[in-house]
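Participant: Can you make the complete structure from the sequences, with help from the hints?
Residue numbers (the numbering used here), protein chains in the order written: chain A, 1 to 550; chain B, 551 to 717.
Any given hint could be a false lead.
Claimed, not checked - Using 27 Å as the maximum straight-line C-alpha spacing, the simulated DSS-like pairs for lysine-lysine come out as follows: (1) B:Lys621 - A:Lys175; (2) A:Lys175 - B:Lys661; (3) A:Lys301 - B:Lys631; (4) A:Lys304 - B:Lys621; (5) B:Lys698 - A:Lys175; (6) A:Lys304 - A:Lys282.
These are computed hints drawn from the structure, not numbers from a lab.
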Amino acid sequence: MVVESFFREGVKHVFGLPGGACLPIFDALYDAKFQVVLVRHEQGAVHMAEGYARSTGKAGVVVVTSGPGATNTVTGIADAYMDSIPLVVLTGQVKSFLIGNDAFQEADVTGITRPITKHNYLVKDIKDVARVIKEAFYIATHGRPGPVLIDFPSDISLQKMEFDYPESVNIRGFKPTVDGHPGQIKKAAKMIEESKKPVIYTGGGVIIAGAARELIEFVGKVNAPCTNTLMGLGGVPGTHPLFMGMLGMHGTVYANRAVHESDLLIAVGARFDDRVTGDLKKFSPHSKIIHIDVDPSAISKNVKVDIPIVGDVKQVLTELNKIVKAADTKAWLAEIEQWKKESPLRYKDDSHEIRPQYAIQRLAEIIGPDAIVTTDVGQHQMWAAQYYKLNGPNQFLTSGGLGTMGYGFPAAIGAKFAFPEKNVVCISGDGSIQMNIQEMATAVVNKLPVIIAIINNGYLGMVRQWQEAFYNHRYSSVAMNGNPDFVKLSEAFGGVGRRITKKDEVDEAIRWSLTIKDRPIILDFVVREEENVYPMIPAGRSFEEIMDMA
Amino acid sequence: MAVHEQTPIEHRVISVLVENRAGVLSHVVGLFSARGFNIDSLAVGETEDPTVSRITLVAAGDLRTLEQIKKQLNKLIDVIKVQDLSEEGFTDRELMLVKIGNTPSGKTALKELASEYRLNVIEEDAKVLLVECTESRQNTKKIFEILKGVGILEIAQTGAVALSKKS
Numbered sequence: 001m002v003v004e005s006f007f008r009e010g011v012k013h014v015f016g017l018p019g020g021a022c023l024p025i026f027d028a029l030y031d032a033k034f035q036v037v038l039v040r041h042e043q044g045a046v047h048m049a050e051g052y053a054r055s056t057g058k059a060g061v062v063v064v065t066s067g068p069g070a071t072n073t074v075t076g077i078a079d080a081y082m083d084s085i086p087l088v089v090l091t092g093q094v095k096s097f098l099i100g101n102d103a104f105q106e107a108d109v110t111g112i113t114r115p116i117t118k119h120n121y122l123v124k125d126i127k128d129v130a131r132v133i134k135e136a137f138y139i140a141t142h143g144r145p146g147p148v149l150i151d152f153p154s155d156i157s158l159q160k161m162e163f164d165y166p167e168s169v170n171i172r173g174f175k176p177t178v179d180g181h182p183g184q185i186k187k188a189a190k191m192i193e194e195s196k197k198p199v200i201y202t203g204g205g206v207i208i209a210g211a212a213r214e215l216i217e218f219v220g221k222v223n224a225p226c227t228n229t230l231m232g233l234g235g236v237p238g239t240h241p242l243f244m245g246m247l248g249m250h251g252t253v254y255a256n257r258a259v260h261e262s263d264l265l266i267a268v269g270a271r272f273d274d275r276v277t278g279d280l281k282k283f284s285p286h287s288k289i290i291h292i293d294v295d296p297s298a299i300s301k302n303v304k305v306d307i308p309i310v311g312d313v314k315q316v317l318t319e320l321n322k323i324v325k326a327a328d329t330k331a332w333l334a335e336i337e338q339w340k341k342e343s344p345l346r347y348k349d350d351s352h353e354i355r356p357q358y359a360i361q362r363l364a365e366i367i368g369p370d371a372i373v374t375t376d377v378g379q380h381q382m383w384a385a386q387y388y389k390l391n392g393p394n395q396f397l398t399s400g401g402l403g404t405m406g407y408g409f410p411a412a413i414g415a416k417f418a419f420p421e422k423n424v425v426c427i428s429g430d431g432s433i434q435m436n437i438q439e440m441a442t443a444v445v446n447k448l449p450v451i452i453a454i455i456n457n458g459y460l461g462m463v464r465q466w467q468e469a470f471y472n473h474r475y476s477s478v479a480m481n482g483n484p485d486f487v488k489l490s491e492a493f494g495g496v497g498r499r500i501t502k503k504d505e506v507d508e509a510i511r512w513s514l515t516i517k518d519r520p521i522i523l524d525f526v527v528r529e530e531e532n533v534y535p536m537i538p539a540g541r542s543f544e545e546i547m548d549m550a
Numbered sequence: 551m552a553v554h555e556q557t558p559i560e561h562r563v564i565s566v567l568v569e570n571r572a573g574v575l576s577h578v579v580g581l582f583s584a585r586g587f588n589i590d591s592l593a594v595g596e597t598e599d600p601t602v603s604r605i606t607l608v609a610a611g612d613l614r615t616l617e618q619i620k621k622q623l624n625k626l627i628d629v630i631k632v633q634d635l636s637e638e639g640f641t642d643r644e645l646m647l648v649k650i651g652n653t654p655s656g657k658t659a660l661k662e663l664a665s666e667y668r669l670n671v672i673e674e675d676a677k678v679l680l681v682e683c684t685e686s687r688q689n690t691k692k693i694f695e696i697l698k699g700v701g702i703l704e705i706a707q708t709g710a711v712a713l714s715k716k717s
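Facilitator: Right, here's the structure in full:
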């Protein structure tokens, strides 16, 4: 019944790992008409489903067992919750009459996941199964998306009944607002026309809503500069003339300066996260704010908004594009152009050592702007965001909200399942990659040529950078002594790899990686150890304290 | 751009209609602890529609926090409707059961209170008077302070239940 419901929902891939409490479900999956991907660790399954969901826009599906199987999914579920990624996670549970008895492999999974799911269910009656699955997919993918968990006791999954899949859902407590208020949209258009220094600041909401095309039209119509959050990258192409790069802690100087001096901030599908705003009191001090978001609770949560518009970003931008007129931004754009010249995104590239930024820039230039790029978390993530310019949405998959090391590689596997014809690159660090390296086996078994570019500096680099800057160079527990030989490791799993230590080996290694078509590839870039990510606005500070490369 | 001005802490009575299902209360209570919201009291009961329960809660916070409380409650899938009763006017009651010593001064105090408030002695023995009091939240607080002066032996209180004054 579960399997048939998944099929009706159009599921093509399920990621999971079986165990006692979900044996009946896996038995049914044995005959499924879609692919079941066996992972090596349940956290990997969730990140794969996230990568799958982020690259396709469809819900990712995970099936695991009770107890440890379910608790291993917790990090991934929390990650999906923070980044609004639609998932349906099905966990086996001990037999319903054993619940509460501390049975073998029992955990209170609905209790554990309550604060990190959009909604969760404990199924107590076979009659509810079809409705619950239908609702789970609906809730996961509508409004602001997110993970939904279904906890399924094994005695109930053994029961049988006539299958009748509901045509539609009716949840009286869940009616997301789609259409923006026309009056508010008119007011916004007027405010935009009258502004002199508008900035369009967009987040992951644009990607999720599939509104990149509408956004590009909007940016062009208003003729305003645009900046993306980490999650919003790809909303406009990296090479768009009005694009200023990322804003926030490691955003470009000119994007942050533009926000700082702006008289009107148009926030689209973004949530004024602390990594974007720093000190709220000093963030964009002279601007009015228009905030478009599908989640009413995101509006006025962190800042006071002048014109709130609750609605689907795509729908609101479409309406806005019909009436908005260009603002007079000639002087403003010239000013920003000047800042861009004064403090471009840059790094020192004066030695034979490989600078991490150089390696990423070469990856971007050789593999190109149409690839799907996933990252882990840390310095390499910020450099990837800064230097890997992509063409469109759903191509940059990164753990923004939760900041989960170990996300990148399984997410890349998930994306590769969805888009076997595309180049998929996981940019990782030597710390992060070891957090889900076991999924090499999954990639090998499925013959997936995912490229893993390890920016290997021998440190937990971002932590080291903070210890250098704020803890007087006291490098406490950040040296990754005991790193494996990543090439041999890849080979041990059945993959291939190369270790790159010199600048002039970089291009050739990347080109070589593109010739491998049937197994994962590790490119171990041994880079300058103590390179720092700049620009940087220290946590909780304002643009005035931005640190740029010396 | 403006940050939210700090506004004084207010107490609001919020009525939440929810699906009458297992686990719903834990979603509501969990929301408060996870997001650091303050809850003064909470009362739950079934409504005229057996599939719907009404949770009446009294929450404390500045305007921004109260706004977030309502929005976050609305986001819960099992929440059908959130009403800020403090905005529309309401009638509320709390129930308080109090034991005080059976003394002449205690009896005098109770007599005075009973002339003004909904308060009765419901049980009495040689040592103890058991008092029942059904009053608004505001009055319950006053009565509680007065009885504290007399000397409370034991007390049990419910949270407020309330309905909008709108017909």
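Participant: Output the indices of the hints that this structure fails to meet, ascending.
Facilitator: 2, 5
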